[in-house]
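Residue-level listing of the chains:
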Amino acid sequence: MSGRASKYATPVTDRKRGLHVLQVVCIKQVADTETRVKVAADGKTLDPAGVTWILNPYDEFALEQALRFKEAGAGGEVVALSLGGAGVTATVRNALAIGADRAIHLKVDAIQPDPLQVARALADELKGLAPQIVWFGKQAVDDDQSQVPPMTAELLGMPCVTVVAKIELAGTTATVEREVEGGREVVSVPLPACFSTDKGLNEPRYASLKGIMAAKKKPIEEKAVTLAAPALELASMAMPAPRAAGRIVGQGVEGVTELVRVLREEAKVL
Amino acid sequence: MSILVFIEQRDGKVRPVSNEALGEATRLAATLGGPVVGVCVAAADPGLAALGAAGADEVLLATHEAFATYDPPGAVAAVVAAVEKVKPAVVLFPCSATGRDLAPRVAARLGVGLAADCTALAVDGGKLRATRPVYAGKAFQTVGFTATPALVSLRPKMFEAVSRDGAATVTPLAVTFDASAPRAKVTGFTGGGGGKVDLTEAEIIVSGGRGLKGPENFNIVEDLAAALGATVGASRAVVDAGWRPHGDQVGQTGKTVAPKLYVAVGISGAIQHLAGMSSSRCIVAINKDPEAPIFKVADYGLVGDAFEVVPALTAAIKKLNG
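First to last, the sequence lines map onto chains A and P.
Just so it is clear: in the first sequence, position 111 is 111 by my numbering, and no numbers are missing.
Just so it is clear: in the second sequence, position 139 is 409 by my numbering, and no numbers are missing.
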């Protein structure tokens, strides 16, 4: 814990409006989606050799929406909150370069904490911040659990809408569309609330050169945290069984008859 | 011990993913012991006694006017009340839009672990082991649980429903929750394109990629999909180019799908696309480039111009269906 902790723990007040408008965006560093996954020597985790680390793509939509709300008049502060090892600083700095005002890095040693461990640590930190909106990406593209957003909201006792495809703010009420099977649910929710964002919500901005320069001066508050006991035991990670070799059944329009035949007679899917 | 299953309903109809979860529950009950108990949250009984035929011995039904649509605080309270009542070893949820939202809340409330979007379950020395895709299916992890009950959500289309004789006992479940507390409320539904089957639940998917050259050419994919009774999907490249909505995207930043037949038209097969569809039962690739990576995962490949091959295939399917 640094001595700066008390300075940043106080919720920010927008003096003009007398409103407290703090938005926290929970971000995670993940392996790039182009990564060729290999299992590490422990047989349980990703081999980090040669992996490019990026801001979780779904978190970009969360950060973008927070910045848009701030710019559209909500004002206040956008804080990036990330849990991870020492190696996630570059991703946190990237969030600052994109536009977050400051960041909090919850430092842990665990390689792959489970979702409940993460949600508990985030909720503990968020309680002290008392934000109006907590943003998340709908899932991290590494473990794909999509658990942390609704878990954190539940631990905080805050309303939460997941997989947000559209959001509009009127006063302290948000009208949200969330992706469900066959369409979208329209949901109305009072702030403060948590949201997890889907692709398509907005077009995220890139870090500008000016932003990258400014980010160097923005504060990252580092806090060592001790995680609760794990709820899941990671037993193993393995590559999928390779698919049996397929075959080319034909060329051009002449191949259509043979394709239809094998789909009916061999695969029995027609 | 018992197995508890969250029975998902929408608009007064039990959703098929609930039957898949019940099917897996009966298989688990064979090793872990039964009974199989369902818990359903609804405005009124959606015909739960019939779930006996799908494997449920009993279904607990929590009713409230707020449950006409998905109400997270009420649903959490109901599932927690059911857990306290039946003390299950395992709680299964469908990994649907609702299940993805609800199961983590229940896990947080109970302080237990959840394995989400699982594709296989096994019992090893009396302990549950759950296997689930990570990195959008580029790898699979197997996890165990440190506390009871073990919470698991099941990927749609991966688990077989069962069919047997019998009716389930339907028992009212009392739920206490503060219906006036600040909450997210469903006020409507939009974008439902005429009862279209969602990609994650589709039996057949026809996806189009950059090989189609422009959004105006997707009609050949739509025609083939219509002939097959399929749902239309798309690659990330065409979604990012704005040709198709994001909801159509198959792959790592889109939907992960497992239909019985997946037809890829003009899709080269980027790794993040393959990750999202390679657990499909049968994969057909139609591409001009015989070297395209999509042919490495396809069961059947057809090398050719999509603009000639696809309409011919559509005509052949139509003829087949009379």
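If you're looking for bench data, these hints aren't it; they were derived computationally from the structure.
Incorrect hints may have been included.
Derived lysine to any residue pairs resembling SDA-like cross-links, with alpha carbons at most 25 Å apart [to be verified]: (1) P:K530 with A:A235; (2) P:K588 with P:E473; (3) P:K397 with A:P240; (4) P:K566 with A:I248; (5) A:K38 with A:A267; (6) P:K483 with A:K268; (7) P:K530 with A:P204; (8) P:K357 with A:A228; (9) P:K558 with A:A267; (10) P:K558 with A:E254; (11) P:K589 with A:R264; (12) P:K466 with A:V269; (13) P:K566 with A:A130; (14) P:K483 with P:D575; (15) A:K166 with P:P452; (16) A:K166 with P:A507; (17) A:K166 with P:V467; (18) A:K44 with P:A390; (19) P:K566 with A:R247; (20) P:K589 with A:A267; (21) P:K357 with P:A300; (22) P:K355 with P:H334; (23) P:K558 with A:K38; (24) A:K38 with P:A409; (25) A:K44 with P:G396; (26) P:K566 with A:A267; (27) P:K530 with A:A244; (28) A:K268 with P:A409; (29) P:K455 with A:V260; (30) A:K268 with P:E430; (31) P:K530 with P:F488; (32) A:K166 with P:K466; (33) P:K530 with A:A130; (34) A:K70 with A:P242; (35) P:K530 with P:A511; (36) P:K530 with A:M239; (37) P:K397 with A:I248; (38) P:K283 with P:V353; (39) P:K530 with A:G250.
Predicted model only: the values in this text are computed from it and were never measured.
query = Out of the numbered hints, which ones does the structure contradict?
reply = 1, 5, 6, 7, 13, 23, 28, 29, 33, 34, 35 and 37
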